[in-house]
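J.: Using the sequences and the hints, build the whole thing.
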Amino acid sequence: MTNLLIKGTFDTLYIVSMSTLFALMGGLPIGVLLTVWKKDGIAPFVYGEKLLSGIVNTVRSIPFIILIIALFPFTRLIVGRSYGVEASIVALVVGAIPFVARLVESALAEVDEGLIKAAITMGATPWQIVAKVYLVESVPALIRLVSLTMITLVGYAAMAGVVGGGGLGDIAIRYGLHRYQTDVMLLTIVIMVIMVQLIQSGFNFIANRLDRRRA
Amino acid sequence: MITIENVTKSFRNENSRLVALNDVSATINNGDFLGIIGSSGAGKSTLIRQLSLIERPDKGTIWLDDVDLFKLKGRDLLRMRRQLGIVFQGYHLLEQKNVFENIAFPLQLVNMDKTAMRSRVEELISLVGLNGKAQAYPVQLSGGQKQRVAIARALASSPSLLLCDEPTSALDVITTKSILDLLVEIHRKTNVTIVIITHELSVVKAVCKRVIVMNEGSFVEDGSVREVFASPKHDMTKLLLSYQEGLL
Ligand SMILES: Nc1ncnc2c1ncn2[C@@H]1O[C@H](COP(=O)(O)OP(=O)(O)OP(=O)(O)O)[C@@H](O)[C@H]1O
Ligand SMILES: [Mg+2]
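First to last, the sequence lines map onto chains A and B.
For the first sequence, my numbering begins at 1 and goes up steadily by one.
For the second sequence, my numbering begins at 1 and goes up steadily by one.
Bear in mind the hints are in silico, worked out from the structure with no lab data behind them.
One should not assume that every hint holds.
What the hints assert, rightly or not - According to the in silico footprint, chain B covers these stretches of chain A (three or more CB under 8 Å from chain B): (1) 102–115; (2) 118–125.
Stated by the list, open to error - No more than 25 Å apart at the CA atoms, straight line, and that leaves these computed lysine-lysine pairs for DSS-like: (3) B:73 - A:132; (4) B:177 - B:209; (5) B:177 - B:205; (6) B:114 - A:132; (7) A:38 - B:189; (8) B:133 - A:132; (9) A:39 - A:132; (10) A:39 - B:73; (11) B:189 - B:205; (12) B:59 - A:39; (13) A:50 - A:39.
From the three backbone atoms N, C-alpha and C, an ideal C-beta is built for every residue, glycine too.
T.: As structure tokens, this is what we get:
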């Protein structure tokens, strides 16, 4: 039983870190585009922004459990089957990309508008403004965003357990729910609570250390 | 030499049209130290936005020597922007970067060689009197020090024009004096053309050689500081002067 829980913990950590990584790779550029394409953004492209924003909202409004099931054919295409750790990652990445994109968008919105204007008057290209102003100035916010994404994905990964997605959620359902082993169920919850706490405080620590606005 | 030629800029709301700049013209010579003064809503910031190529006028244009600034596009526009130095009231520094990196920012944009960049930034740090502060972050600086960083940054690419939009409005009198002294010193050392936009008469009196008075989108007075203030012609100038005297 202990072995099972240890394996479940590592599976969950693996699922969460991999899907966070891929969700960032997809969500960061989309969040940047949503920002710069706005009507008063640094590279306005209103139709592009509307379209992208619509797609993001559509995916976000699908309940996650439905998204997982709807994605079965796609998941099978990518990882060969629709259950297990890899299958979970696929569904989580698709579900988390729009979430990350919106978080990135709101992190970038916090950057001083006057500074963006100043960079334009200094002759910075849109690329330079993204790389040297937006992303640099929002580093602490982006780190907090990684932690928020991971924490959200701990919960979503557990949900993927319902359809045999592996990890702690899977164990909680197979043993805790189907075999009435309440102790296993409780243990998985305790482990997940600790996991969330550690992620939260770890990333907060890093974000604060890197934030130059703190004297 | 900068020639502002019949520049008009208006803003449309749902049912009204507001003329923020009404057919203004002026010539700014190389090495001028010009103050543009006017009360709130006179159109000062609008003028700055045209001069700094953020906005384009509805009519008229601005020339830098024989270049029509509003005919520039793409690369040429970027290159021209890099030749203008602008100082803002709100500093607008990179909060996550230290003094050195902030001043180096315009030089990084043109991929200046590292060694040349280092010596240029160090030269600027000492020009604005921030020796020993290269590694400090904006949060650790006072308002006056932040404005010194902003001035150094604006001067980094050796611009031919230094535009200052209300550079001292957020500062106390003593700090204001030190920033103005710095601008005078920079003008003496480099002979860069300086244009200060302000609503404070004392700023113009303290440092400028020439003054333009703005009122409701027009230039209502243009001449040497001494002459304009000794024999003001327009009511706005008289009003500004009378308030100044009333306050002192
Ligand atoms: N983007 C805009 N849209 C609509 N109206 C504008 C806009 N910018 C400026 N105005 C109007 O143009 C007029 C001139 O504004 P401007 O900001 O240039 O004045 P100012 O001289 O800088 O005043 P202040 O000293 O208060 O900064 C004002 O009536 C203002 O409301
Ligand atoms: Mg203004």
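J.: Hints first: check each against the structure and report whether it holds.
T.: Results of checking the hints against the structure:
Check result for the region 102–115 of chain A against chain B: holds, 3 residues qualifying (beta carbon to beta carbon below 8 Å, three or more required). Chain B is given as covering the region 118–125 of chain A, and this holds because 8 residues of the stretch bring a CB closer than 8 Å to a CB of that chain, at least three being needed. Under the criterion of a C-alpha separation no larger than 25 Å, the hint pairing residue 73 of chain B with residue 132 of chain A is consistent with the structure, at around 23 Å. For the hint linking residue 177 of chain B to residue 209 of chain B, the alpha-carbon distance of about 17 Å falls within 25 Å, and the restraint holds.
Taken as a hint, the residue 177 of chain B and residue 205 of chain B pair is honoured in the structure, with Cα atoms around 12 Å apart against an allowance of 25 Å. Between the alpha carbons of residue 114 of chain B and residue 132 of chain A the distance comes to roughly 17 Å, so the proposed pair stays at or under 25 Å and holds. Between residue 38 of chain A and residue 189 of chain B the alpha-carbon distance is near 43 Å, which puts this suggested pair outside the 25 Å criterion. A distance of roughly 22 Å separates the Cα atoms of residue 133 of chain B and residue 132 of chain A; the hinted pair therefore holds under the 25 Å criterion.
Restraint check for residue 39 of chain A and residue 132 of chain A: satisfied, since their Cα atoms lie roughly 21 Å apart, inside the 25 Å limit. As the CA atoms of residue 39 of chain A and residue 73 of chain B are separated by approximately 20 Å, the hinted pair is consistent with the 25 Å bound. Restraint check: the Cα-Cα separation between residue 189 of chain B and residue 205 of chain B comes to about 20 Å, which is no more than 25 Å; the hinted pair holds. Under the criterion of a C-alpha separation no larger than 25 Å, the hint pairing residue 59 of chain B with residue 39 of chain A is consistent with the structure, at around 24 Å.
Our distance criterion of 25 Å between C-alpha atoms is met by residue 50 of chain A and residue 39 of chain A, whose separation comes to about 10 Å.
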